[in-house]
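Participant: Please build the complete structure, drawing on both the sequences and the hints.
There are 2 protein chains.
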Amino acid sequence: MEDLECKNGNLGVFETGNLKVQTIKVKKSDSSSPPTQLYIVAPVSEGTYPLLLFCHGYCIHNTWYSQLLQHISSHGYIIVAPQFYKCMLIALNYEVKTAAKVTDWLCTGLQSVLPEKVQPNLSKVALTGHGRGGKIAFGLALGHAPVSLKFKALLGIDPVAYPNPPTWPEPEILTYVPRSFDLSIPIGVIGTGLGNQPKCMMPPFAPNGINHAEFFNESKPPCSYFLAKDYGGCDVLDDSKAALASWVCKSGKGSKALMRKGVGGIVVAFLKAYLGGQDDDLKAIADAPTIAPITLDSVIFVKE
Amino acid sequence: MEDLECKNGNLGVFETGNLKVQTIKVKKSDSSSPPTQLYIVAPVSEGTYPLLLFCHGYCIHNTWYSQLLQHISSHGYIIVAPQFYKCMLIALNYEVKTAAKVTDWLCTGLQSVLPEKVQPNLSKVALTGHGRGGKIAFGLALGHAPVSLKFKALLGIDPVAYPNPPTWPEPEILTYVPRSFDLSIPIGVIGTGLGNQPKCMMPPFAPNGINHAEFFNESKPPCSYFLAKDYGGCDVLDDSKAALASWVCKSGKGSKALMRKGVGGIVVAFLKAYLGGQDDDLKAIADAPTIAPITLDSVIFVKE
Numbered sequence: 004m005e006d007l008e009c010k011n012g013n014l015g016v017f018e019t020g021n022l023k024v025q026t027i028k029v030k031k032s033d034s035s036s037p038p039t040q041l042y043i044v045a046p047v048s049e050g051t052y053p054l055l056l057f058c059h060g061y062c063i064h065n066t067w068y069s070q071l072l073q074h075i076s077s078h079g080y081i082i083v084a085p086q087f088y089k090c091m092l093i094a095l096n097y098e099v100k101t102a103a104k105v106t107d108w109l110c111t112g113l114q115s116v117l118p119e120k121v122q123p124n125l126s127k128v129a130l131t132g133h134g135r136g137g138k139i140a141f142g143l144a145l146g147h148a149p150v151s152l153k154f155k156a157l158l159g160i161d162p163v164a165y166p167n168p169p170t171w172p173e174p175e176i177l178t179y180v181p182r183s184f185d186l187s188i189p190i191g192v193i194g195t196g197l198g199n200q201p202k203c204m205m206p207p208f209a210p211n212g213i214n215h216a217e218f219f220n221e222s223k224p225p226c227s228y229f230l231a232k233d234y235g236g237c238d239v240l241d242d243s244k245a246a247l248a249s250w251v252c253k254s255g256k257g258s259k260a261l262m263r264k265g266v267g268g269i270v271v272a273f274l275k276a277y278l279g280g281q282d283d284d285l286k287a288i289a290d291a292p293t294i295a296p297i298t299l300d301s302v303i304f305v306k307e
Numbered sequence: 004m005e006d007l008e009c010k011n012g013n014l015g016v017f018e019t020g021n022l023k024v025q026t027i028k029v030k031k032s033d034s035s036s037p038p039t040q041l042y043i044v045a046p047v048s049e050g051t052y053p054l055l056l057f058c059h060g061y062c063i064h065n066t067w068y069s070q071l072l073q074h075i076s077s078h079g080y081i082i083v084a085p086q087f088y089k090c091m092l093i094a095l096n097y098e099v100k101t102a103a104k105v106t107d108w109l110c111t112g113l114q115s116v117l118p119e120k121v122q123p124n125l126s127k128v129a130l131t132g133h134g135r136g137g138k139i140a141f142g143l144a145l146g147h148a149p150v151s152l153k154f155k156a157l158l159g160i161d162p163v164a165y166p167n168p169p170t171w172p173e174p175e176i177l178t179y180v181p182r183s184f185d186l187s188i189p190i191g192v193i194g195t196g197l198g199n200q201p202k203c204m205m206p207p208f209a210p211n212g213i214n215h216a217e218f219f220n221e222s223k224p225p226c227s228y229f230l231a232k233d234y235g236g237c238d239v240l241d242d243s244k245a246a247l248a249s250w251v252c253k254s255g256k257g258s259k260a261l262m263r264k265g266v267g268g269i270v271v272a273f274l275k276a277y278l279g280g281q282d283d284d285l286k287a288i289a290d291a292p293t294i295a296p297i298t299l300d301s302v303i304f305v306k307e
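The listed protein sequences correspond, in order, to chains X and L. Residue numbering for the first sequence follows the working numbering, starting at 4 and increasing by one per position. Residue numbering for the second sequence follows the working numbering, starting at 4 and increasing by one per position.
Bear in mind the hints are in silico, worked out from the structure with no lab data behind them. Check before you lean on any hint, since a few could be wrong.
Treat identical chains as interchangeable: a pair holds within one or across any two.
Derived lysine to any residue pairs resembling SDA-like cross-links, with alpha carbons at most 20 Å apart [as the list claims (entries may be wrong)]:
#  : residue 1 : residue 2
1  : Lys286    : Leu14
2  : Lys223    : Ser183
3  : Lys23     : Thr51
4  : Lys202    : Thr178
5  : Lys306    : Ser183
6  : Lys155    : Leu125
7  : Lys223    : Gly196
8  : Lys232    : Thr293
9  : Lys104    : Leu152
10 : Lys286    : Arg182
Facilitator: Take a look at the structure:
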């Protein structure tokens with residue numbers, strides 16, 4: 004069966020792709036025995052598609068990213084977004100372990116919840132996460148819980164590593180030593196320029212020292228960095244949720260739709276490069292960041 | 004007159020150089036009108052030598068670095084180390100401004116306090132600082148106070164950017180955006196592996212998020228990074244002062260003499276590369292960090 008990823012032309016990555024997509028919610032009680040509730044976005048058309056495992060941010064529901072995930076999926080990707088805990092409850096779950104169980108489930112259970120003609124390519128799996136979910140994604144990639152799959156690429160969307168409370172079972176991720184992440188896969192980091200700013204009485208979404216800048220600093224080449232200068236950490240959420248989040252999370256003045264196009268486009272360009280072997284779009288963004296619909300200041304590629 | 008810098012052979016940088024050196028203390032009352040008290044280390048032999056401006060760390064006296072500075076100077080450099088404030092007093096001085104005044108004084112006053120046959124090469128001036136002095140050096144290089152000289156290279160020795168108290172006149176240096184320092188000169192950063200650890204009830208010398216890792220992250224290429232894994236921030240001081248400092252500052256178990264050789268050697272290799280145009284030693288350290296007398300884990304060069 005033909006691999007349908009990455010068919011659109013130059014910088015179409017910033018627009019919705021050519022493929023119609025469907026969303027699938029899988030309960031924990033499903034016969035495929037998923038380790039937790041899942042939100043899946045996948046193309047409708049027959050095909051074998053690369054996979055993206057998406058880890059949601061702190062106190063954010065996996066469905067609140069539906070617009071961003073549909074943008075990405077429409078370019079030919081199946082996205083699986085687990086829900087680690089119930090929204091607005093304090094996260095007492097060992098999220099990296101749950102993410103690892105979901106990863107293993109991709110091999111055993113995913114096909115059974117997808118239409119038969121839509122097949123996951125289990126040799127092309129990338130990992131991403133937003134906010135605290137970025138930390139979870141890095142923790143999983145770093146092997147803090149064993150998985151049966153090998154991830155081909157890792158992308159943090161405004162990742163943030165709040166220190167764990169004492170007796171918390173999860174290990175810390177950041178070491179504060181440049182290039183110290185023991186990872187040889189390509190890494191991408193998308194940061195937001197307003198994520199480090201407080202909102203009213205609330206602390207910043209992604210404070211200095213534990214945010215995107217340090218995640219990039221600790222990444223070995225090949226690694227890339229994109230700073231969405233004029234936006235905040237929650238501006239990638241669906242419109243209605245972004246508006247809600249803007250009460251507690253510093254938000255950009257610009258259109259949230261443009262932000263989702265910008266971030267979605269970077270994710271697609273990254274996946275095309277490192278799952279699909281087509282790096283034209285990623286190179287184009289690196290060479291001329293102004294082709295993006297949002298201000299990317301700056302974009303950095305470290306190849307060697 | 005012959006330029007005598009950089010005459011020693013391969014990796015002699017980690018040993019005392021061939022030149023005998025002298026130390027000169029210049030009071031503020033000197034007829035050359037230095038902006039503050041200065042500690043100068045310079046070769047004795049006739050010659051024209053490149054210059055290094057050295058900014059001391061928080062509550063550390065400029066003479067407490069005599070062994071490190073003599074090591075560097077013996078390879079053919081004149082070092083000028085201003086004293087920003089009296090030791091153990093809270094620093095209420097605008098240090099970057101003072102450092103700028105000292106920089107301007109190099110052109111007008113330095114020759115008059117040196118023996119006539121020892122001449123500074125004012126077209127080859129590098130800038131460095133230790134601990135908080137590293138922040139001062141970066142602040143000066145970034146133009147936070149105007150100077151009449153152009154620095155050719157910048158090196159931070161375990162630099163740390165403690166936030167300024169409110170109403171402090173000095174600007175913050177760190178932006179938490181990778182490669183954001185607006186500097187086109189070569190940058191080097193030496194970090195210590197123990198600098199981020201507390202000592203008894205004292206806070207760390209160089210806490211995570213405001214230390215060497217972030218300074219390196221914000222440096223544009225060409226930049227280099229060296230982590231002295233097994234040592235602390237005060238281990239570059241003279242033996243007696245390092246022993247004193249180890250009561251309040253996490254210190255390595257290894258020989259402080261080796262640490263000074265290691266750091267001194269990196270500084271000399273860096274100066275040879277970027278003031279002298281001879282980068283063999285710097286490349287040798289990058290290619291095989293184990294040639295250093297201390298564990299450098301890791302060493303990073305970013306060229307492009």
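Participant: Could you place Lys155 and Leu125 in one of the four classes (within, between, both, neither) given a Cα distance threshold of 20 Å?
Facilitator: For Lys155 and Leu125, the Cα distance is within 20 Å only inside one copy (10 Å; across copies 52 Å).
Participant: Are the CA atoms of Lys306 and Ser183 at most 20 Å apart within a copy, between copies, both, or neither?
Facilitator: both (16 Å within a copy, 19 Å between copies)
Participant: How do Lys23 and Thr51 come out at 20 Å by Cα distance, when the copy is not named: within, between, both, or neither?
Facilitator: Close inside one copy (15 Å), not across copies (73 Å); limit 20 Å.
Participant: Measure nothing new, just compare the shortest in-copy and cross-copy C-alpha distances for Lys232 and Thr293 to 20 Å and report within, between, both or neither.
Facilitator: within (12 Å within a copy, 40 Å between copies)
Participant: From the Cα coordinates, with 20 Å as the cut-off, is the pair Lys223 and Gly196 best called within, between, both, or neither?
Facilitator: Result: close only across copies, 19 Å inter versus 23 Å intra.
Participant: If the cut is 20 Å between Cα atoms, do Lys286 and Leu14 qualify within a copy, between copies, both or neither?
Facilitator: Result: close within a single copy only, 11 Å intra versus 40 Å inter.
Participant: How would you label the pair Lys286, Arg182 (within, between, both, or neither) given a Cα cut-off of 20 Å?
Facilitator: between (22 Å within a copy, 19 Å between copies)
Participant: Between the shortest in-copy and the shortest cross-copy C-alpha distance, which are at most 20 Å for Lys202 and Thr178: within, between, both, or neither?
Facilitator: between (28 Å within a copy, 19 Å between copies)
Participant: Under a CA distance limit of 20 Å, which applies to Lys104 and Leu152: within one copy, between copies, both, or neither?
Facilitator: within (11 Å within a copy, 60 Å between copies)
Participant: Checking Lys223 and Ser183: alpha-carbon separation at most 20 Å within a copy, between copies, both or neither?
Facilitator: both (7 Å within a copy, 19 Å between copies)
The structure is consistent with each of the numbered hints, conforming to all of them.
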